[in-house]
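There are 2 protein chains.
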Amino acid sequence: MITKELLDPESIVIVGASNDTSKPGGKVLYNILKNNFAGKIFGVNPKEREVQGVPCFANCNLIPEVSLAIIAIPANQVEAVMRILAYEKKCKAFILFSAGFSETGAEGKCLEKRCVKIVNDVGGTLVGPNCIGVITGTYKGVFAGPIPAYDPKGCDCVSASGATMVYILEMAIPRGLKFRDIFSVGNSAQVGVEDVLQYWDETFDEKRSSKIKLLYMEQITDPKRFLKHARSLVNKGCRIAAIKSGNTEAGSRAVSSHTGALAGSNSAVSALFRKAGIIRCYSRVELVYVAAIFTIPPLKGDRIAVITHAGGPGVMLTDILVKNGMKVPQLQGDKAAMLLSKLYPGSTVSNPIDFLATGTAEQLGEILDAVENDFEEIDAAVVVFGTTGMWSVDDVYMLLHEKMRTSRKPIFPILPSAIQAAEEVSHFQSMGHVNFTDEVSFGYVLSRVNKMKPPFPEAVLPKIQQAKAIEIIDQSPKGYLQPGQVFELLQSAGIATVAQAVVTSKEEALLSANELGFPLVLKVSGILHKSDSGGVVPGITSFQLLETVFEKLIAMPGANGVIMQQQLTGSEIYVGAKAEDKFGHQVLCGLGGIFIEVFKDISSGLAPVGRDEAISMIRHLRSYPLIKGIRGKEGVNEELIVDAILKISALLQMVPEITEMDINPFIGNSTSLIAVDARICIS
Amino acid sequence: MITKELLDPESIVIVGASNDTSKPGGKVLYNILKNNFAGKIFGVNPKEREVQGVPCFANCNLIPEVSLAIIAIPANQVEAVMRILAYEKKCKAFILFSAGFSETGAEGKCLEKRCVKIVNDVGGTLVGPNCIGVITGTYKGVFAGPIPAYDPKGCDCVSASGATMVYILEMAIPRGLKFRDIFSVGNSAQVGVEDVLQYWDETFDEKRSSKIKLLYMEQITDPKRFLKHARSLVNKGCRIAAIKSGNTEAGSRAVSSHTGALAGSNSAVSALFRKAGIIRCYSRVELVYVAAIFTIPPLKGDRIAVITHAGGPGVMLTDILVKNGMKVPQLQGDKAAMLLSKLYPGSTVSNPIDFLATGTAEQLGEILDAVENDFEEIDAAVVVFGTTGMWSVDDVYMLLHEKMRTSRKPIFPILPSAIQAAEEVSHFQSMGHVNFTDEVSFGYVLSRVNKMKPPFPEAVLPKIQQAKAIEIIDQSPKGYLQPGQVFELLQSAGIATVAQAVVTSKEEALLSANELGFPLVLKVSGILHKSDSGGVVPGITSFQLLETVFEKLIAMPGANGVIMQQQLTGSEIYVGAKAEDKFGHQVLCGLGGIFIEVFKDISSGLAPVGRDEAISMIRHLRSYPLIKGIRGKEGVNEELIVDAILKISALLQMVPEITEMDINPFIGNSTSLIAVDARICIS
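Residue numbers (full-length UniProt numbering), protein chains in the order written: chain C, 1 to 683; chain D, 1 to 683.
Looking at chain C on its own, in the form it has when it is part of the complex:
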């Protein structure tokens, strides 16, 4: 819970305040004082009566009542101090810099829990421990810099790693990014990323809130709450970019080592982000580029004018945009000719628009006006403009500033001369602009942002036979269900299963064949990996063949029967699900067989998967053309796959005991999709 006292404290005490700014308690005081905190501020330090010009008390018993405490003392002294502050000094907000809590083991974990209890007792907020602090509109409660300029429309940030927040700022500030609230939540003992999201969501104000949210996380403790508030924020017009690291085994080893967090499944995180409409980033530089793109009005289309006075960067930018699905349409006709006539000879306007090394601010103005007014086929402009170092490019950047202010179409500035145009770039940024330095990184990230879809709407799931499903589960022991029960459970969700019979004698087999009709597939029952061991025989078209094959299968070691199924024609489709701890279930789909095994061509969504998400899952498969059908070969009815995913989603909702489920395969064609083999495991 984030209290008013944390956001806008009337008074602050620094416990561990110091004159030494190489200590956290000294540096945070320095930062707060330097940045004009308007409330009362004082320190606690047994050795000082005054620190950096503010009163200092020997211990917490001596201080007046206080709204916010920033604590920078060794872990073993923290609890006692917090008791006094919470219970006696009406303190309702705590920022705990100190390390030495849950990240160090069981003992630290207990200490951390006791501290949280103290804060909860008084309905307060605890940020940290093991964090660098908080920045809000009223104070800079951090000990680590750099301290960004405060901008009410700047990026709101929350980071589970203090150092990473610092290094994000080290990269973002030179790019011209502005910031608003920053929360370094450290061990997230009480306030975690979800709480900050909830606070942003619940206090969102169309006019006053920032619409850019940046997240760095190493775990998602409460994915459902995370989804709820992230999706709500995006639906309110916010744009969220987030890094979730610790995605590999070695990476998550690092995570658990340094914050005691356990990493979730990587594909579940991606599915969660897609569901919420969050752009997933994998590096600081990517996060900073995405954030910078967020500061510019969103694209309304994917058709870009690449404008440059330098050939190469324009070519590289065009390549990366086109490679990633954006368009750089050729410009032709009268209006293009008219524009060309206003540029120096040798210029080209076919897009990229290259107005040569000698190109002027005035010419750039003509180009941007033409993009704005004359070329309907263009949705946005990217301007790459640096300097040879021979003259100032300030006039060009002022022109760019003016056009960015007035143009309906977004204009993205790439100003590559970090050294030679440092002054002009700095002037340009001082007027509130960001700057992208590498055109290819920009182009890649722009295309990612442009591909981003809004959050999937709440899933509307089909009705299933709930009572029947629960009855089956209740009757089954934990572990893998029996084949018959698997099919019954699928049927309870309305999923078609192949007509089959399980037989143990030749006589039964012949009788069943009469009922099922030929052709048949025979499968040995009781043996894992039956395909590999020759336990699956398709193409049984006669009683004679049936007898021979039945005898062969039933004689296999471990066989406890033979499954006889109608042989269907079509393509193999895989649909599955997997319990992902707090994430709920991940639902998976793909073409069966080698497409999954060799090409790892699987889409995933997070249950409950609704119609839009199911369609998106199917269409994101690389093998989607095969589902549509290519070269006259019959495909698979997409609507039936969507239907199956929704039904499975509904089943998972009713029967959360399912830990693992593989329908592998369905056999599908243009008119039917029938489950032929399936495994379900319950817990």
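It is possible that some hints are incorrect.
Think about it this way: if two alpha-carbon atoms lie no more than 25 Å apart in a straight line, the pair counts; the simulated DSS-like pairs of lysine-lysine are [claimed, not checked]:
#1 C/628 x D/530
#2 D/23 x C/342
#3 D/109 x D/582
#4 D/633 x C/633
#5 D/633 x C/530
#6 C/600 x D/600
#7 C/323 x D/117
#8 D/4 x C/323
#9 C/633 x D/530
#10 D/117 x D/224
#11 D/34 x D/4
#12 C/451 x D/323
#13 D/578 x C/323
#14 D/633 x C/552
#15 C/327 x D/600
#16 C/633 x D/552
#17 C/451 x D/600
#18 C/633 x D/600
#19 C/600 x D/633
#20 D/323 x C/578
#21 C/409 x C/451
#22 D/342 x C/109
#23 C/453 x C/628
#24 D/451 x C/323
#25 D/323 x C/600
#26 C/600 x D/451
#27 D/109 x C/342
#28 C/600 x D/327
#29 C/628 x D/600
#30 C/600 x D/628
#31 C/23 x D/342
#32 C/4 x C/47
#33 D/113 x D/90
#34 C/530 x D/628
Which residues of chain D face chain C? A partial, calculated answer using Cβ under 10 Å [said to hold, decoys possible]:
#35 22
#36 26
#37 169
#38 348
#39 357
#40 392
Read the hints as simulated data drawn from the structure, not as lab findings.
Computed from a prediction, not measured in an experiment: that's the story for all the values here.
In this text, a Cβ means the ideal position worked out from N, Cα and C, and glycines have one as well.
Please build the complex by placing chain D on the supplied structure of chain C, with the hints as guidance.
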């Protein structure tokens, strides 16, 4: 041809010299003077008798003999000046800044050719036109900055775009990269990228030459010469990174617009780079990161210790390394425990090694010593170390400097505090080190560099029946060969083709069936896309079926016969070739059918493809597991595919008239690989 006069001129004349450093003729003079050129220097300018303190002549007739001319006057005056300089002043080297030549059209192209002729007449060198100039150990002949510090072991560069060279430097210098020779070749009228490579190759000196070469190109004019010298340089120990842009249609439109160059096929360029052992980059930032990695001794293995005082960056770095195939091995046992005991409580050494925000230089020393001496399972270390801004990290960076100097294992520094540790980073770099600022970009690029293979050795090709092949080609009109000739040509290269007969009557069909034996495949002849229209019927197992199918096929509109083939069992394999203008032939392979059509899973090599390259092609297919055989399903004999690629390579060498060739498919299994259908087009 690159002359001594270009590299180390005794005297330089600036034609168009000026006191105004906002003009190229002023700025280049300023740069040369400022950087202490040791020879004679003077200007030509009708309005001045002295420029920037050096003598200035009214025209070229008045000047003494001179080694190198740097020309910065309008294009229409250039030819006359060059005549005087070349024919009368013994000038042997020309750097031509002026634009307005081949990039502007036919007239400019003629002018450019005449200028080249003048230079060739005197056995001289011409760099440009439309370039920013040349930097060597003796002078800085460029008008555009920034000017990098000269280092004999720094990066050698050649760029076909002056602006791109400038912007590469803008990015590289702040990273600490040092440079040696820089050639901006502009329109490459005489000296192109290939000439610079040839010069570097032919003058390579193990002790004195730089071993890092960076290239920016928009076309490869002479791929064979390019390959020859690039491969030779890499074999001599050089490491080459190159950008070739203009890879998309829109991108190559930009290329042709601004330098008049035509872009080659993108996959042919990649194949060429692989053959030469060049790392292909797609952005300036990637090129700079690769170059910076090149300054550090090469990895001898892929096992990395990630060392940091900041959790998050270590986690993200670990994730990206592991995701891209590197290893971050867990460290355990006595030596790990010993190391841990030397660090502050709460540190972890399991790798990532996190020695906390409070970690000291001394502790970093202990860690790096342990990596060097105690952990055999580690090949290199990456150190991520920034600052909170509370104290100087100079001692840490000095320690890092010392360890990088003495360690046998490579150490890569990632110093993310661009703002707060600017001074310390600058001090660190001043001792000759590079710095990587983003750990993920670094990790990605390191893994790419580590995956890089040495150049493929010269291809040794099998002998083929050359006379027969040439006879077939001589007898055939241009265009697609007749099916019979296609098979004959393949047979001349020793490629097995399926037994088949082309028949036009039922009687012939029955006779041929007797010879070929069942099962058969029948294919209609004379119709394109025969599969799609039902013109291919497999599974003919009886004379009766044969008659029925024959009649159906021969009755299809456009049918001129029926091809009868033995029906083979196995997987479809595709091998093909495509003439790529100056690149020669690109050889392609993949699994047939949907793997090519839907998954675009094709490998390519540049003819002549030798054994190593063929193996690499096959193993880089995503579908390679299917070739090896999975889940008990028979694969395809890899050696037979290699053999087929080599034979096709040999055929292409003998018959360069082949413009296109598709053997689609071969049917392959563990013992045979037989061409079943093929098309060959000749010109």
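**Asked** Taken at face value, is the distance from the CA of residue 633 of chain D to the CA of residue 600 of chain C at most 25 Å?
**Response** 18 Å, holds
**Prompt:** Would the pair residue 109 of chain D and residue 582 of chain D pass a check requiring their Cα atoms to be no farther apart than 25 Å?
**Reply:** 21 Å, holds
**Message:** Checking one constraint from the list: CA of residue 600 of chain C to CA of residue 327 of chain D, max 25 Å. Satisfied?
**Reply:** Satisfied, since the Cα-Cα distance of roughly 21 Å is no more than 25 Å.
**Message:** residue 451 of chain C and residue 323 of chain D were given as a pair; does the straight-line alpha-carbon distance stay at or below 25 Å?
**Reply:** 23 Å, holds
**Hint consistency between residue 578 of chain D and residue 323 of chain C [alpha-carbon to alpha-carbon, up to 25 Å]** = Holds: residue 578 of chain D and residue 323 of chain C sit about 22 Å apart, inside 25 Å.
**Message:** Hint check: residue 451 of chain D vs residue 323 of chain C, CA-CA at most 25 Å. Holds or violated?
**Reply:** The given pair, whose Cα atoms are some 23 Å apart, holds under the 25 Å limit.
**25 Å limit on alpha-carbon distance, applied to hinted pair residue 633 of chain C and residue 530 of chain D** = The hint holds at about 13 Å.
**Item:** Given pair status - residue 600 of chain D, residue 633 of chain C, alpha carbons within 25 Å
**Value:** Given that 25 Å is the threshold and the Cα spacing comes to 18 Å, the pair holds.
**Prompt:** If you draw a straight line from the CA of residue 113 of chain D to the CA of residue 90 of chain D, is it 25 Å or shorter?
**Reply:** 20 Å, holds
**Asked** Is the straight-line distance between the alpha-carbon of residue 633 of chain C and that of residue 552 of chain D 25 Å or less?
**Response** 20 Å, holds
**Request:** Decide if the proposed pair is consistent with the structure: residue 633 of chain D and residue 530 of chain C, CA atoms, cutoff 25 Å inclusive.
**Result:** 14 Å, holds
**Proposed proximity, residue 342 of chain C with residue 109 of chain D (alpha carbon, max 25 Å)** = Roughly 24 Å separates the two Cα atoms, so the pair holds.
Checked against the numbered hints listed earlier, the structure breaks hints 7, 8, 32; every other hint is satisfied.
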